[in-house]
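Trainee: Keeping the supplied structure of chain A fixed, place chain B upon it in accordance with the hints.
Chains as they are written, first to last, in this note's numbering: chain A, 1 to 185; chain B, 1 to 202.
Some hints could be false.
What the hints assert, rightly or not - The calculated BS3-like cross-link candidates involving lysine-lysine, where the alpha carbons are at most 30 Å apart (straight line), are:
{"id": "1", "chain 1": "B", "residue 1": "Lys-170", "chain 2": "A", "residue 2": "Lys-13"}
{"id": "2", "chain 1": "B", "residue 1": "Lys-38", "chain 2": "B", "residue 2": "Lys-170"}
{"id": "3", "chain 1": "A", "residue 1": "Lys-125", "chain 2": "B", "residue 2": "Lys-38"}
{"id": "4", "chain 1": "B", "residue 1": "Lys-38", "chain 2": "A", "residue 2": "Lys-13"}
If you are wondering where the hints come from, they were derived from the structure by calculation, not from laboratory data. Only a predicted model underlies this, so the values are computations on that prediction, with no experimental measurement involved.
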Amino acid sequence: MNREFGTMTYFNKMRGVTKSPPQVSLAEMLWSWIGAFVGMTPLAYINYNYLIESDLVLIIGSFGASAVLIYGAIRSPLAQPRNLIGGHVISALIGVATYQLFPDALWIAAPVAVATAIAAMHATKTLHPPGGASALIAVIGSDKIHALGYLYAIIPVGLGAFIMLVVALIVNNIPNSRRYPEFWI
Amino acid sequence: MVKKTLTPQCPVDISEDDVLQAMKAINGFLDITPADFKEVYIFAYQQAMDRLSKSIVAKKIMIQDVVSVQKEDSLLHAAELMADHGISGLPVLNSLKNVVGILSEKDFFFEMGESKKQSFMRVIVKCLKNKGCTAISLRNQTVGDIMTSPPVTVREDTSVFEIANIFDEKKINRVPVVDKSSKLSGIVTRSDIVLSYCMRIT
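Next comes chain A alone, as it looks inside the complex (with noise of 0.2 Å):
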């Protein structure tokens, strides 16, 4: 039985229907702090110490994102070793290519990007939020990650997922409480 649409289905629709999970414990918070920092610690290290003067980044902004997922939230499916790997590199090849397509239209390469970035990490279960930070990173530029083409997809972003990832692996496993990753495949 549909009922008809209306204006007050859908903005009743809005009105949310539960509460926010629990806050964590402070255990919780602590390792969350603890493995962003050292995972972080590697990629802003080879990147202001070696990189500056060369063609090559180490640090984009989607890793700050990543960090909150595989240091702070690890038991989400967005968080697991799959998602973040294969987020990343499928968004960054993504983003690489609509950009070629559209160097000149940078307002319609953004969208696209980021669009199809989430659309292909769907397909692929291989959901990660900051996927689409990387695919509209490669749109935005700056003009040092422009010039790296598809070269992109490995350093940065393949690059500094995997050396995240081991200091997951390492440091997540640490505490009794906590454990990583859910499932590799």
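Mentor: Below, chain B alone, put in the same frame as chain A:
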């Protein structure tokens, strides 16, 4: 009284595959792994069981139309009542409607069986050993002669949790519920408990 954890009568045998199937049926991305969902489900289920078993009280689940007898009634009358209503036990009341005893099948078996153990099969054993098969000796006795007394009773505000513990410890199948003035107000049987665990109480 030793309080045990109650095992739910309804199985919590949910598998990760059940969860996966359920997730497939729901449109949209659910940000939880099947394993985590199962873990939450089991905790939440236990939580609900504890909450309900402690909050549902005798008054909510008891039967109020109670068939009863008095001490002076004949055992024939009591047996006919039990047979007609398809029940296995009766509270015994005095003229003030206080519960003075319980009469159940076990009391009959105790009188009829060999070695004074309370089961139907003990009665059959006695029969088959040719030691007498009848309840003739009971013809001249009254309810008061063979009933169990004093009876175990509960109050209207006794929780299902406690009642289940009582059934377990005293090995009984029914318990009369009395009100604040000690008068019979209802009866709770084992099957009422099972129904409440399956959360059919609204």
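Trainee: Of the hints stated earlier, which fail here?
Mentor: 1 and 2
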